[in-house]
Amino acid sequence: MNFSNFLIMRHEILLLAITLLLLVGEIFIPKNKKESLVHLAIFLFGIHTAVGFLQLDESTLFGGSFRTNNLINFFKNILNVGVLIILLQSADWLQEKIVNQNRGTEFFILLFSSLLGMYFMISSGDFLMFYIGLELSTLPVAALAAFEVSKRISSESGIKLILSAALASGVSLFGISLLYATSGSIFFEAIIEVITANNLTILGFILFFSGLSFKISLVPFHFWTADVYEGAPISVASYLSVISKGAAVFILMILMFTIFKPLMHVWENMVYVIALATMFIGNLFALRQQNMKRFLAFSSIAQAGFILLGLISGTQLGVATIVYFVLIYIFSNLAAFGVVQAISLKTGKENMNDYNGLYRTNPNLSLVMLLALFSLAGIPPVAGFFGKFFLFTAAASKGYYLLVFLAVVNVTISLYYYLLVIRAMFIRKNENPIPFFKNKIYMRLGLIITVIGILVLGLYSPLYDYIYELSSVLN
Amino acid sequence: MERYIFYILAVLLIVSAIAAVSSKKMLRSVIYLLFTLCGIAGIYFLIDYNFLAAIQLTVYAGGIIVLIIFSVILVHHIEMELEVAKLSKKLLVGAACALGLGVFLATIYAHDFKVVENFNTTTTEQIGLKLLSYEAGGFILPFELISVLLLASMIGAIVIAKGKKLVKSEKSNVESIQKNNN
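Chains as they are written, first to last, in this note's numbering: chain A, 1091 to 1565; chain B, 21 to 202.
Because the hints were derived from the structure by calculation, they are not lab data. Glycine residues also receive a C-beta, built at the ideal position from the N, C-alpha and C atoms.
Pulled from the structure, derived: some chain B residues nowhere near chain A, Cβ distances all over 10 Å: (1) TYR24; (2) LEU29; (3) ILE38; (4) PHE65; (5) ASN70; (6) THR78; (7) ILE89; (8) LEU102; (9) VAL104; (10) LYS106; (11) ASN140; (12) THR141; (13) ILE147.
Calculated cross-link-like contacts (lysine-lysine; reagent style DSS-like; alpha-carbon spacing at most 30 Å): (14) A:LYS1436 - B:LYS182; (15) A:LYS1351 - B:LYS134; (16) B:LYS182 - A:LYS1124; (17) A:LYS1250 - B:LYS109; (18) A:LYS1250 - B:LYS110.
Only chain A is shown next, with the shape it has when bound in the complex (with noise of 0.2 Å):
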């Protein structure tokens, strides 16, 4: 074997190599200079997004348990993308409230095996590889999402997600294995030739997307995600509505178009229910909350409903679409979560009302806030409306008019409730509002990264070019 081979799992090695050197730190770095490692970890994780984009062959490893090509690889890069911003936006709460605990290396140590697990989730090339991907980037966020033991409800989040998580991989386990049962292969080449709609294989499919519907939080197996992003801090919620759902989308994405292309007259009908079902629940749940966190919760639960839009049209244009969408909503949600994290740094504020006449004193920040919900709501001059509005190509070019339609209609709830933040922000009066404050370096960073993200994103048209021509990979 050439080992040069090894240099395509170029995004594994390098990142496995920054959590082993941050271990090393941690342990030989004196207790009062933890703070350099935070410095240090998104210095090297900058370093390592960087180069995540230089080129890369495509090939297969260790016997095709390790697969990569082009679109995997912009994946890759998307998420580290997502990443470096959650870092940035993280590091101001790391630096006043955990590593006078002791316990900032530890942060970005599960957060980067969780990462790696999904690295490995996405360029699998077998049931196995993927089954370990999975539990490698689902256990390190449990302990992330109790990471403020002080707090009862983080500890309550963190309990909640690890046996969420561990029935979800449960199912999704057995689904695979009745999978194994009537094709005789977990590799996913082997699969595809032998697979045929026969109702075990069908069972086996179905136990397996309700698995990975966990992850993704569609309805109905949503229950989890209000509770824990609620109670886990904001920057762990941000990973976990924007990394871990993007990459499990993906995966998904990738083996519904390949292995379970042949079963697609079935879960099209599957996937149509549920995108309804997760639109509808995700958007009337929505209205009612008062907290920012289950806000943005059941948000999320809402635009992975629009994402399924893209699955059901089954082609290249469903796949271009879903990785635009990804792409452009790891930006929006995650500038929405960085201004609730930076006040609730500042403030310790969560609820809407404590929102009212942010305008006034902090001007920047309502701004960012008005453009990320724009962009999630999906208002023309920002990404985000490019974003939906190409799903709903995606379904319609398939025929699905009734379902576009009442996607639109989701979209019109959806607007009353991003709207309703933005009148807080800049309509009502408060008599004692937030303070005026100003961010640190890092904080605003990461908030203009994902501003310039969601306004040129949608500008930009050669980028969406790009990501079709890399999804002719999965045709």
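Place chain B on chain A using the hints.
Using the frame of chain A, we list chain B on its own:
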């Protein structure tokens, strides 16, 4: 003969599994779980998966059960009785389980499985070679990735376990105690 052994094991498995989830006392539940795991090891022996059966006995029946017993003893009072669900809930859950079981059994029995003519027992040597092989069908990559998973889980467990002692804002005296300890 094999058939009878299978049925004996199956009865042992089902009875102890039901006992494990319905027992009021925690420690008893754990012991019933031990019987379940041993029964599964028996099934593995029956179908000639000797290595898997040995692993099942040493890791699960030996290691995991001891761990669970330790954590039960450390976390709770052993005399504490678990809550028992209401009859209506029990019936509802029972009905749902029966329905699910029916669907699964019907689908599995109706499926036309391919019969494989391969009675070779996998030896431990073969498993060892496969575990470290990087060719097709080798398991070196999952093996290494699991070690990362273990590392991450240990760090996660440490974070949760050590956290409370080091929170400075809540109890300032904790800090002084630690200084004394150091």
